[in-house]
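Asks: Okay, here's what each chain looks like letter by letter:
Protein chains: 2
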Amino acid sequence: MADTYKIVIDTKGSDKGSSEIVKGAALALEKNEGLSLLIVGDGEYLRAECERLGMPQDRVEILDAPEEVTNYDDPSVAVFKKTDSSMMRSLMTLSERADLYGMITAGNTGALIAGSVRYLSAKERVRPCLSAVLPASDGSFTCLVDTGATIDCTPSMLLHFARLGSDLMRRMYGIESPRVGLLSNGSEPTKGNKLVKEAHPMLAEAEDINFVGNIEGNAALSGACDVLVCDGFAGNQVLKVSEGMATRLMTDIVKYAKRTGSDEVMKLVGHLMGVYDFSSLGGGIILGCKKPVIKTRGSSGADAVANTARMLLNMAENKAVFDKEKNRI
Amino acid sequence: MADTYKIVIDTKGSDKGSSEIVKGAALALEKNEGLSLLIVGDGEYLRAECERLGMPQDRVEILDAPEEVTNYDDPSVAVFKKTDSSMMRSLMTLSERADLYGMITAGNTGALIAGSVRYLSAKERVRPCLSAVLPASDGSFTCLVDTGATIDCTPSMLLHFARLGSDLMRRMYGIESPRVGLLSNGSEPTKGNKLVKEAHPMLAEAEDINFVGNIEGNAALSGACDVLVCDGFAGNQVLKVSEGMATRLMTDIVKYAKRTGSDEVMKLVGHLMGVYDFSSLGGGIILGCKKPVIKTRGSSGADAVANTARMLLNMAENKAVFDKEKNRI
Chain F
501 MADTYKIVID
511 TKGSDKGSSE
521 IVKGAALALE
531 KNEGLSLLIV
541 GDGEYLRAEC
551 ERLGMPQDRV
561 EILDAPEEVT
571 NYDDPSVAVF
581 KKTDSSMMRS
591 LMTLSERADL
601 YGMITAGNTG
611 ALIAGSVRYL
621 SAKERVRPCL
631 SAVLPASDGS
641 FTCLVDTGAT
651 IDCTPSMLLH
661 FARLGSDLMR
671 RMYGIESPRV
681 GLLSNGSEPT
691 KGNKLVKEAH
701 PMLAEAEDIN
711 FVGNIEGNAA
721 LSGACDVLVC
731 DGFAGNQVLK
741 VSEGMATRLM
751 TDIVKYAKRT
761 GSDEVMKLVG
771 HLMGVYDFSS
781 LGGGIILGCK
791 KPVIKTRGSS
801 GADAVANTAR
811 MLLNMAENKA
821 VFDKEKNRI
Chain H
501 MADTYKIVID
511 TKGSDKGSSE
521 IVKGAALALE
531 KNEGLSLLIV
541 GDGEYLRAEC
551 ERLGMPQDRV
561 EILDAPEEVT
571 NYDDPSVAVF
581 KKTDSSMMRS
591 LMTLSERADL
601 YGMITAGNTG
611 ALIAGSVRYL
621 SAKERVRPCL
631 SAVLPASDGS
641 FTCLVDTGAT
651 IDCTPSMLLH
661 FARLGSDLMR
671 RMYGIESPRV
681 GLLSNGSEPT
691 KGNKLVKEAH
701 PMLAEAEDIN
711 FVGNIEGNAA
721 LSGACDVLVC
731 DGFAGNQVLK
741 VSEGMATRLM
751 TDIVKYAKRT
761 GSDEVMKLVG
771 HLMGVYDFSS
781 LGGGIILGCK
791 KPVIKTRGSS
801 GADAVANTAR
811 MLLNMAENKA
821 VFDKEKNRI
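These protein sequence lines are chains F and H, in that order. If you count the first sequence from 1, you need to add 500 to reach my numbering. If you count the second sequence from 1, you need to add 500 to reach my numbering.
There's no promise every hint is true.
Below are the DSBU-like pairs computed for lysine-lysine, each with C-alpha atoms no more than 30 Å apart in a straight line [as the list claims (entries may be wrong)]: (1) H:Lys582 x H:Lys523; (2) F:Lys691 x H:Lys581; (3) H:Lys581 x H:Lys531; (4) F:Lys694 x H:Lys581; (5) H:Lys694 x F:Lys697.
Because the hints were derived from the structure by calculation, they are not lab data.
Kindly produce the complete structure, drawing on both the sequences and the hints.
Replies: Put into structure tokens, the structure is as follows:
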């Protein structure tokens, strides 16, 4: 019999409500024999849903924690006042129980990071951060870190991010010595804001990372580095500006297709929609924790939840997390 | 007879060499009857070129200042040690002579800003900044400021940028009360890095600007505001990440067109190339000066120089600087 892995799914905090997350959980169980789940949220509701959806009872455990961390909650308030919430109980339980491998949540990112720091920090003085592994234009993948967990960073945090991102790319893709780039406003080592200028020599001198220098915004996802390091404010801009520009171009192309009535251009739209999938934005893997925690986008549907569970299983089985061929352009 | 305007063209500091800038100057004279020029650079070379290109002698004055500010020069060194350079002599002359309306250069941005602060500051304690007026997805225009003149900013600088950008949009497009947005990582007023959080209440309380709150990266060029304020590091990311994503999508579309042999998709490429013209990036209008100074991209060709001269003439004649219809999608 193959190894089995049990993961925690927080059913609260989703923009689409708990029902979509539970549907995703059911889908994940259906698709993955080696998976079992601890689902956390409103116990009564979850028991009824599990029965209604015909989820296998021997592979599902329910933890009753109906309180919700909302997107309006301040992270520190959520961590210290909402200790009975589904998110915090999920983190606590993951930390305490050896049989649990990892966790998925669609909830408040700031609260999740703060909770991860409190319950799951791997080492002292390493701040967990949020990474996104994005397909680069040359067919490779780039780990962008931090994408919004820590908005104001110190230079030494950027060094931590470089180490955590390198570690992820080593494990995920077997890249022996991942190239680390530093996001800046010019490629010369003298370019950058105060933070970047101070971080540059620290990254250059660190012997455990392979620093390749500054990377400009237009090369952020060109494949020029395997790990792109920046503070959470800049990382958020890279993600969202990319999304904005891609959405805009797609909208223009659709308008053009409608105006000209071109079937060939409509087919192109279908092709591009497959390649430029922004459904993972606002999500990502939290690095620097004792166990893997994945934040899915607040608006994630059942499919995204099931795919994320698959990603965790792949990590547990030490397989590549992404299907390279599928994502290749 | 129509009014005539004389502008300064710095012929040094271009990636393509002085010849391309001089060609652009000749083109500008040919296209605009009301224009005369002061061209600055290597006098002997310029005299020969003017004759060779048949430029009308009565509309061209030459200023001999052959020293060049290069892209490797530190801005403060350029300002204080290269006072005989074509860029600094251009700024000085523009400042001193009442018959000169504005200036165009393709040279080192940092040196240009530092020189503008020294020779052309409009008011004390207002720091000149670099703006880019970009077509938004709804057909309007957005003034992004700062795009890289000041990398590390104070909150009060962002307030200055908001005022300068509003002033430009009022004059250029007749927008009575331009909507000012603040680039952030979330739309809520509590979101942002330290700089943004401190600038937010200052912008909200300023009675001379129409502040509409935080704008996220994916809405940066959506038309949600007329002026988008950020520090030069973030502004540089907005420009370059947009450029990177657009270039990447275009490359993918061209590959797809070649693979499928679709003429209709190739026609779409032509259409998009016209709409998404990034040739203005790395350039922009310097705000906060006594007279308009326009930085064209280092790689600008003769056409870009001539178009920029036209833009200055339009500003002088108080016409809209951009042709709305042409830029509309």
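Asks: Please go over all the hints and tell whether each is borne out by the structure.
Replies: Status of each hint after checking the structure:
1. H:Lys582 x H:Lys523: holds (26 Å)
2. F:Lys691 x H:Lys581: holds (21 Å)
3. H:Lys581 x H:Lys531: Violated, because 37 Å separates the two Cα atoms, which is more than 30 Å.
4. F:Lys694 x H:Lys581: Answer holds: F:Lys694 to H:Lys581 is near 25 Å, not above 30 Å.
5. H:Lys694 x F:Lys697: holds (18 Å)
When the structure is compared with the earlier hints, a violation turns up for hint 3 alone.
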